[in-house]
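J.: Sequence:
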Amino acid sequence: MKKSIFLLGAMLFLVSCEKIITVDLNESDSRYVIEGCINNHPGPYQVYISATRPSDSDQPVLIPGAMVIISDDYGQCDTLTDMGSGVYQTGTLQGIVGHRYRLEVFLDGMVFTSESVMGNVVPIDTITTATISGIQQQLLVPVVSFSDPAGQINYYRYVLYVNGIRSAELFLGKDEHSDGLSVNKMLRQGVSSGDSLEVELQNIDEAVFEYFNDLAGLQGQVLAGLTPSNPVSNISGGALGYFSAYAYSRKAVKVN
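Counting from 13, one number per residue, gives the positions in the sequence shown under the working numbering.
Watch out, some of these pointers could steer you wrong.
[Unchecked claim] As a list, the in silico DSS-like pairs of lysine-lysine whose alpha-carbon atoms are at most 30 Å apart:
no.: 1; residue 1: K197; residue 2: K263
no.: 2; residue 1: K266; residue 2: K186
no.: 3; residue 1: K266; residue 2: K197
no.: 4; residue 1: K197; residue 2: K186
no.: 5; residue 1: K186; residue 2: K263
[As the list claims (entries may be wrong)] Label pairs and their in silico Cβ distance ranges:
no.: 6; residue 1: Y173; residue 2: Q106; range: 41 to 49 Å
no.: 7; residue 1: R178; residue 2: R43; range: 24 to 32 Å
no.: 8; residue 1: D207; residue 2: S42; range: 37 to 45 Å
no.: 9; residue 1: S97; residue 2: E218; range: 29 to 37 Å
What the hints contain is simulated information worked out from the structure, not anything from laboratory work. Using N, Cα and C, we set each Cβ at its ideal position, and we do this for glycine too.
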């Protein structure tokens, strides 16, 4: 008998992720899924906890009753409030660039932990468009331009909104070949003249980049009809999911 795992691997509706993916696993592989983010903008921030769900159900198994703590290396510590339905919310905690954040989840006698360092804010300079060849027609796509900070390794996630609707695509990048240079990142999603665009440029750490990179590959495996594996988690203790401390900038434009 098999179960499907409900990866919130982007279900953080208020934070940064909302992709729902199902993956067949053996029943014995049932595990918790923990996902949380903290960023440089005012909170509150949320942590979401769920579990694998039966293959005959289209609803996630949401997990209340956990103790969730987020702290940093400067003495901030916040025990999150259980809001019900698997949602846990911070109170006074504020995300600050350069701080290292630690997530601790105590649940059913188990302890799950993760750490993430919040990088610097990287401002977006411009959002323009370019025309590329699609499968059947020419596509107009957004191009995000910014200056990569020199002398440091940076990993990026681009979150695109078109007319207020968040794109389900995962757009990622790193400065392996562009350290200190101007970056022009093409987001391969078709847009139209008159569309309102908004892009959130997240400076994420390496472990979170690897998680989303694996998640993007998993989507491709599902579409290709292959048996996918689970994304690499940065949470210790056996849970799936991820914890991310990231800084972001935003810019909005209208397509001419």
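J.: If you test the structure against every hint from before, which numbers come out violated?
T.: 6
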